[in-house]
Amino acid sequence: QQQVKQSPQSLIVQKGGIPIINCAYENTAFDYFPWYQQFPGKGPALLIAIRPDVSEKKEGRFTISFNKSAKQFSLHIMDSQPGDSATYFCAARTVQKVTFGTGTKLQVIP
Amino acid sequence: DAGITQSPRHKVTETGTPVTLRCHQTENHRYMYWYRQDPGHGLRLIHYSYGVKDTDKGEVSDGYSVSRSKTEDFLLTLESATSSQTSVYFCAISQSTDTQYFGPGTRLTVL
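Heads up: the sequence lines are chains D and C, in that order.
If you number the first sequence the way the numbering used here does, the last residue is 107 and the count never jumps.
If you number the second sequence the way the numbering used here does, the last residue is 208 and the count never jumps.
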């Protein structure tokens, strides 16, 4: 059972573009929503995270938008760079477990 | 990287053989997790531990067992490997349940 739905599966943007990755969830017990970035051959690494009492969080070029009523959240990457090319996973946490989305492979073309 | 190592990093084995993967941490974190990563499925939790000798099942635990006899080591055992267990396995650690730190992964191929 996929509790966190992520889209799109893959995304290609030009350098400087703003890729947007979307996630939706159903379980209202989720209380923490992290995004992870994974480069080929590496383990995922925490990129940015948000709690449901906040509608937006920015860290550098990365922004999470959170819509609690719609049970949706998204990652925006401003001024994307070729070095941002990676796979991105959204996730949602309950008490002791984190459920991950299926991932979005982003390619930023120079 | 957080102090997490996984061994072996690559393994090829045959169907029906037992396989043990090891995760070792030097961070003294309370929680340890085993995930598998497959195309189209993202990361799926196999088992996790919330303390020495305290473990629980994740969403894809069938065919896997774990043990944690000391804080720094978390072992994942495939009791009788099958081709469907060909995957990349990641160990993760966390002190609270917020940020998880992932190891470098083990690529397992079951022929």
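Just so you know, the hints here were simulated from the structure itself, not pulled from any lab data.
Among the clues, some could well be false.
[What the hints assert, rightly or not] Quick list of simulated restraints, FRET-style, between CB atoms:
{"no.": "1", "chain 1": "C", "residue 1": "K167", "chain 2": "D", "residue 2": "S66", "range": "39 to 49 Å"}
{"no.": "2", "chain 1": "D", "residue 1": "A42", "chain 2": "C", "residue 2": "L172", "range": "20 to 30 Å"}
{"no.": "3", "chain 1": "D", "residue 1": "Q11", "chain 2": "C", "residue 2": "G113", "range": "48 to 58 Å"}
{"no.": "4", "chain 1": "D", "residue 1": "I106", "chain 2": "C", "residue 2": "P105", "range": "16 to 26 Å"}
{"no.": "5", "chain 1": "C", "residue 1": "T110", "chain 2": "D", "residue 2": "S62", "range": "38 to 48 Å"}
{"no.": "6", "chain 1": "C", "residue 1": "H138", "chain 2": "D", "residue 2": "Q93", "range": "13 to 23 Å"}
{"no.": "7", "chain 1": "C", "residue 1": "N125", "chain 2": "D", "residue 2": "K39", "range": "17 to 27 Å"}
{"no.": "8", "chain 1": "D", "residue 1": "S66", "chain 2": "C", "residue 2": "T174", "range": "40 to 50 Å"}
{"no.": "9", "chain 1": "D", "residue 1": "N24", "chain 2": "C", "residue 2": "N125", "range": "28 to 38 Å"}
{"no.": "10", "chain 1": "D", "residue 1": "G57", "chain 2": "C", "residue 2": "T110", "range": "35 to 45 Å"}
{"no.": "11", "chain 1": "D", "residue 1": "I106", "chain 2": "C", "residue 2": "L172", "range": "22 to 32 Å"}
{"no.": "12", "chain 1": "C", "residue 1": "T114", "chain 2": "D", "residue 2": "K12", "range": "20 to 30 Å"}
[As the list claims (entries may be wrong)] Far from chain C, by Cβ distances over 12 Å, these chain D residues were calculated:
{"no.": "13", "residue": "S52"}
{"no.": "14", "residue": "S62"}
{"no.": "15", "residue": "K94"}
[As the list claims (entries may be wrong)] For lysine-lysine, the following DSS-like pairs were computed, each having C-alpha atoms within a straight-line distance of at most 27 Å:
{"no.": "16", "chain 1": "C", "residue 1": "K108", "chain 2": "C", "residue 2": "K154"}
{"no.": "17", "chain 1": "C", "residue 1": "K108", "chain 2": "D", "residue 2": "K54"}
{"no.": "18", "chain 1": "D", "residue 1": "K12", "chain 2": "D", "residue 2": "K102"}
{"no.": "19", "chain 1": "D", "residue 1": "K55", "chain 2": "D", "residue 2": "K68"}
{"no.": "20", "chain 1": "D", "residue 1": "K39", "chain 2": "C", "residue 2": "K108"}
{"no.": "21", "chain 1": "C", "residue 1": "K154", "chain 2": "D", "residue 2": "K94"}
{"no.": "22", "chain 1": "D", "residue 1": "K2", "chain 2": "C", "residue 2": "K154"}
{"no.": "23", "chain 1": "D", "residue 1": "K65", "chain 2": "C", "residue 2": "K108"}
{"no.": "24", "chain 1": "D", "residue 1": "K65", "chain 2": "C", "residue 2": "K150"}
Don't be surprised by glycine CBs; every beta carbon is placed ideally from N, CA and C.
Discussion item. For a C-alpha distance cap of 27 Å, please report whether K108(C) and K154(C) respect it.
Written reply: Roughly 24 Å between the alpha carbons, so the hint for K108(C) and K154(C) holds.
Worksheet item: Do I106(D) and P105(C) keep their Cβ atoms within the hinted range of 16 to 26 Å?
Response: The hint (16 to 26 Å, Cβ to Cβ) is violated, given that I106(D) and P105(C) are roughly 36 Å apart.
Worksheet entry | Given pair status - K102(D), K12(D), alpha carbons within 27 Å | Satisfied, since the Cα-Cα distance of roughly 15 Å is no more than 27 Å.
Worksheet item: Does S52(D) really sit off the interface, with its C-beta more than 12 Å from all C-beta atoms of chain C?
Response: S52(D) is indeed farther than 12 Å from all Cβ atoms of chain C, at 20 Å.
Fill in: Hint check for S62(D) and T110(C) - Cβ pair distance inside 38 to 48 Å
holds, 44 Å
Worksheet item: Taking only the CA atoms, is the gap from K55(D) to K68(D) under or equal to 27 Å?
Response: Roughly 19 Å between the alpha carbons, so the hint for K55(D) and K68(D) holds.
Practice prompt. Note whether the CB distance of S66(D) and T174(C) lies within 40 to 50 Å or breaks it.
Written response: Cβ of S66(D) to Cβ of T174(C): about 44 Å, so the range 40 to 50 Å holds.
Practice prompt. For the pair we were handed, K108(C) and K54(D), check the Cα-Cα distance against 27 Å.
Written response: Roughly 41 Å between the alpha carbons, so the hint for K108(C) and K54(D) is violated.
Worksheet item: N24(D) and N125(C), beta-carbon distance inside 28 to 38 Å?
Response: Given a distance of about 31 Å, which is inside 28 to 38 Å, the answer is holds.
Worksheet item: Would the pair K65(D) and K150(C) pass a check requiring their Cα atoms to be no farther apart than 27 Å?
Response: Cα-Cα ~37 Å, so violated.
Fill in: Minimum Cβ distance from K94(D) to chain C greater than 12 Å, as the annotation requires
violated, 6 Å
Worksheet item: Is it true that the CA of K154(C) sits at most 27 Å from the CA of K94(D)?
Response: This hinted pair holds, its Cα atoms lying about 10 Å apart.
Against the hints set out earlier in the document, violations occur for numbers 4, 11, 12, 15, 17, 23, 24.
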